[in-house]
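Top line first, the protein sequences correspond to chains A and B. Sequential numbering of the first sequence, starting at 1, is according to the numbering used here. Sequential numbering of the second sequence, starting at 341, is according to the numbering used here.
Calculated directly from the structure, the hints in this document are not laboratory data. Being a predicted model, the structure only gives us computed values, none of them experimental. Glycine residues also receive a C-beta, built at the ideal position from the N, C-alpha and C atoms. Don't take each hint at face value.
[Stated by the list, open to error] With the C-beta cut set under 8 angstroms, the calculated list includes, among others, these residues of chain B facing chain A: (1) 642; (2) 660; (3) 680.
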Amino acid sequence: MSTDTPLPILKAADFASDQEVRWCPGCGDYSILAQLKKILPTIGVPRENTVFVSGIGCSSRFPYYMNTYGVHSIHGRAPAIATGLKTARPDLFVWVITGDGDALSIGGNHLIHAIRRNLDINIILFNNEIYGLTKGQYSPTSPLGKVTKSTPMGTVDNPLHPLSIAIGCEGTFIARSIDVHIKHLGNVLARAAEHKGTAFVEVYQNCHVFNDGAFQYATNRDTKSDTILELEHGKPLIFGKNRDKGIRLNGMDPEVVQLGKGISEDDLLFHDEKAPEPSLAYLLSRMRQPEFPEPIGVFRAVDRPRYEDEVDQQIEIAREQQGDGDLDTLFQTGDTWIVE
Amino acid sequence: MADAATPSETSSDVDSQKPVVELSTATVRFCGDSGDGMQLAGTQLSTTSALLGNDVATFPDFPAEIRAPRGTKAGVSGFQVHFASSTIYTPGDRVDALVAMNPAALATNLSDLVPGGILIVNQDGFTEKDLKKAGYESDPLEDQSLDGYRLFKVSMTKVTRTAVEGLDLSVKESDRCRNFFAMGLVFWLYDRTMDATLRYIDEKFGKRPAIAEANRRALKAGYYYGETTEAFSNQYEVPRAELEPGTYRSIMGNTALAWGLIAAAKSSDMDLFYGTYPITPASDILHELSRHKNFGVRTFQAEDEIAAVCSTIGAAFSGAMGVTASSGPGIALKGEAIGLAVMTELPIIVINVQRGGPSTGLPTKTEQADLLQAMYGRNGECPVPIIAARSPSDCFEVAQEAWRIASMFMVPVILLTDGYIANGSEPWKIPTAKSIPKRTIEHPEGTNSGEHFLPYQRNELLVRPWAIPGTPGLMHRVGGLEKQDGTGNVNYEPENHQHMVNVRQQKVDNVAQKIPLQEVAGPEQGKLLVLSWGGTYGACTTAVQQVAKEGGSVAHAHLRYLNPFPKNLSSVLKKYERVLIPELNMGQLDLLIRSRFLLDTVAYNKVQGKPFTVSELVNKIKELL
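Let the hints inform the model, and build the full structure from the sequences given.
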């Protein structure tokens with residue numbers, strides 16, 4: 001994003017609104033808010049050109065806490081509102097803040113279409129695998145068998161994997177991070193902001209009250225090096241406390257292998273976020289605990305034309321071909337007659 | 341007057357060998373299978389008649405199925421054209437001439453033909469199989485059941501095939517030209533020139549010379565068939581109408597609506613964003629707008645109705661002119677988001693091209709049964725201004741008026757039309773761009789003062805400022821939660837909620853200060869007032885004029901503004917002993933008028949997917965006088 005006026009140097013605090021933050025103490029949302037406020041000054045887009053759009057849910061209160069333009073809309077519809085906003089005003093820097101219920105349940109249709117259109121917007125999905133605002137029903141990402149207020153005997157519907165869906169829509173930027181992994185989170189959000197096209201980021205976010213510890217395996221100091229795999233473009237998929245385990249492709253399937261004993265780094269799967277085919281990214285998105293470490297970082301970052309640019313271009317072409325719109329010309333097209 | 345088929349008998353000899361009988365008005369209907377090209381035949385007759393200077397009103401009537409099984413009654417498609425030498429307001433109650441391409445078309449349309457009317461049938465379509473499909477036990481062309489009409493049996497299929505011989509067309513392609521033959525015959529019968537249709541053929545089929553030539557030949561074959569065969573003993577002529585001087589064109593409701601939106605955007609120096617989802621009968625607005633990108637129009641075909649309205653709200657927040665359109669089922673889906681626009685106080689236009697309901701209902705048929713949906717179809721206290729178009733060309737004016745109200749009051753406006761207006765056409769006196777008033781829409785300017793911007797600070801009409809992204813110092817958040825007046829901060833306090841509900845209502849009520857007073861046609865007071873709204877305008881106007889001409893004391897008020905009502909409506913209504921409210925629903929305006937003004941009104945309702953006929957209304961009016 002660029003602007004003609006010299007940029008004032010802003011700090012994280014400049015992006016804070018005057019509203020008191022009202023998430024539960026200990027909520028993972030605080031960390032995401034802090035990281036976004038921290039990276040926004042580094043992106044360099046003025047606050048007045050930035051718009052946060054959200055739906056309904058705990059995470060969707062986000063826009064109220066940002067000193068930018070914002071729309072706290074209705075349940076599931078943030079991507080649709082952002083689509084209109086960005087199409088009408090391609091100059092704006094647009095963020096969608098959503099949750100697992102908002103994005104994948106009631107708003108699933110809008111999410112997939114926003115991603116396939118590839119508008120230059122950033123969608124951050126706070127995934128806490130629970131409905132927090134309505135006090136603890138299971139969400140479309142809750143693991144099978146999850147006991148919640150609405151499923152006392154456990155869920156019987158198979159969960160969705162947000163990244164698999166985004167990749168299925170051939171999203172051009174797909175990434176994952178974790179609320180408490182703040183440095184990683186900041187970097188991923190910055191990469192998302194810089195991406196030209198729809199950036200889709202899933203953040204594992206702890207709901208302290210209704211689903212505490214859902215991602216403990218990924219955040220616990222003792223276990224996280226075995227349960228999490230940090231993706232790096234062009235590098236082999238290695239993980240483990242001693243960085244002695246890796247992911248190898250066995251035919252079409254990934255498998256965990258021990259390095260050494262005849263297996264070297266060269267035998268491992270190398271990450272290629274720029275692969276034009278989304279198959280590798282999809283395979284990574286399917287890797288789940290406990291069978292596999294769960295990848296975090298940028299799964300996919302490719303370039304494809306942006307919806308709003310194509311719309312603008314058609315307008316330009318129409319103007320070249322038909323001339324600037326003129327009402328008198330329009331009214332006179334086709335058969336007319338004169339009454340004297 | 342609509343079914344006044346009686347010739348004024350001033351036979352005159354023109355160039356043609358056959359005598360010409362002058363008529364003041366004629367109503368013709370083409371009907372056939374939905375693949376027979378009847379809509380095109382009707383459109384061409386209406387364009388041609390308009391170009392000849394007649395006043396014209398049309399009524400296309402087609403099935404929801406694109407191709408229902410051939411030859412069945414369900415698949416019959418019709419197009420009625422009423423042309424006259426005086427001002428007319430309806431496509432006519434009954435038809436003076438009926439062209440039927442097959443038995444099913446005859447069976448479903450014959451009852452609308454006036455006794456002694458002209459009946460032209462494609463004889464070749466009356467095979468045993470097709471007669472059976474239409475439910476005929478014997479061939480009506482042979483069994484004298486049509487003796488009450490002037491029946492002309494024409495071998496349209498055979499003659500058309502002969503006419504296009506040598507063009508190397510398949511039988512199917514040849515038969516597709518039959519509608520041009522039928523047009524040619526009707527053009528001759530009513531002394532219409534073929535020029536406009538020949539031009540249309542050039543434009544439409546220019547790239548396929550054989551098809552173009554075949555259609556030309558079929559058209560001329562039909563015309564010359566009338567001229568040379570002895571079947572038709574005379575021609576008819578409907579002289580030019582006395583219309584206000586100016587340049588005219590024929591326009592359909594949906595086109596007029598699209599152009600009105602473009603004009604509204606242009607005259608207020610706004611970019612038009614149109615977010616919509618395809619639905620009958622509203623889709624043609626999208627088709628039309630998507631052709632005018634050179635006006636900076638951005639059309640967005642959304643993934644669903646909800647995304648369509650939400651994208652419009654996003655566009656409005658960004659400072660664009662946001663418009664969405666649908667029909668009843670789609671409006672139902674948009675309800676929650678319309679509430680969001682009410683709550684965030686953003687200006688958008690929501691167009692409902694009404695069709696028969698409930699649920700999927702009658703997609704291609706007309707109805708006025710969404711008025712209460714527009715009025716009340718949302719959760720919470722959620723008032724919106726509502727305006728309605730009365731005729732195809734009126735859509736042009738109403739689109740601009742909707743935007744004037746939306747942008748002046750920062751409020752979503754619901755604009756109602758219906759399938760009858762949307763697909764109907766009439767002559768339209770073309771305005772000049774200069775005559776369209778310029779309007780300035782203001783956005784507050786940026787500031788570096790550091791002062792807190794108040795997004796919900798209101799002017800004397802209770803309207804908040806439209807601050808748009810990109811403006812420094814005015815960053816603010818809007819949303820669907822109840823907010824404190826002024827600051828816009830989330831607020832759940834009881835007194836504040838009451839205040840905000842009152843403010844949103846009062847703001848809509850204030851619209852009444854900025855709209856014209858209700859006008860009445862006819863006596864200023866008296867026995868009976870006919871109060872109508874929307875697409876029944878033509879039928880009501882004609883019926884009232886007819887009764888008045890016969891000496892009946894009846895007046896007519898047609899509402900454009902349905903919420904709020906014009907300020908003087910109450911006093912207007914109270915000047916008459918009785919108020920008759922005819923509607924194509926079960927009494928929705930009637931309910932609003934009764935509850936608002938405590939008047940014992942008379943409702944007259946019809947829900948058949950069809951417009952009122954003039955005679956139905958005349959009878960009802962007379963019954964009350």
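Here is what the structure says about each hint:
1. 642: 7 angstroms, holds
2. 660: 4 angstroms, holds
3. 680: Interface hint status for residue 680 of chain B: holds (5 angstroms vs cutoff 8 angstroms).
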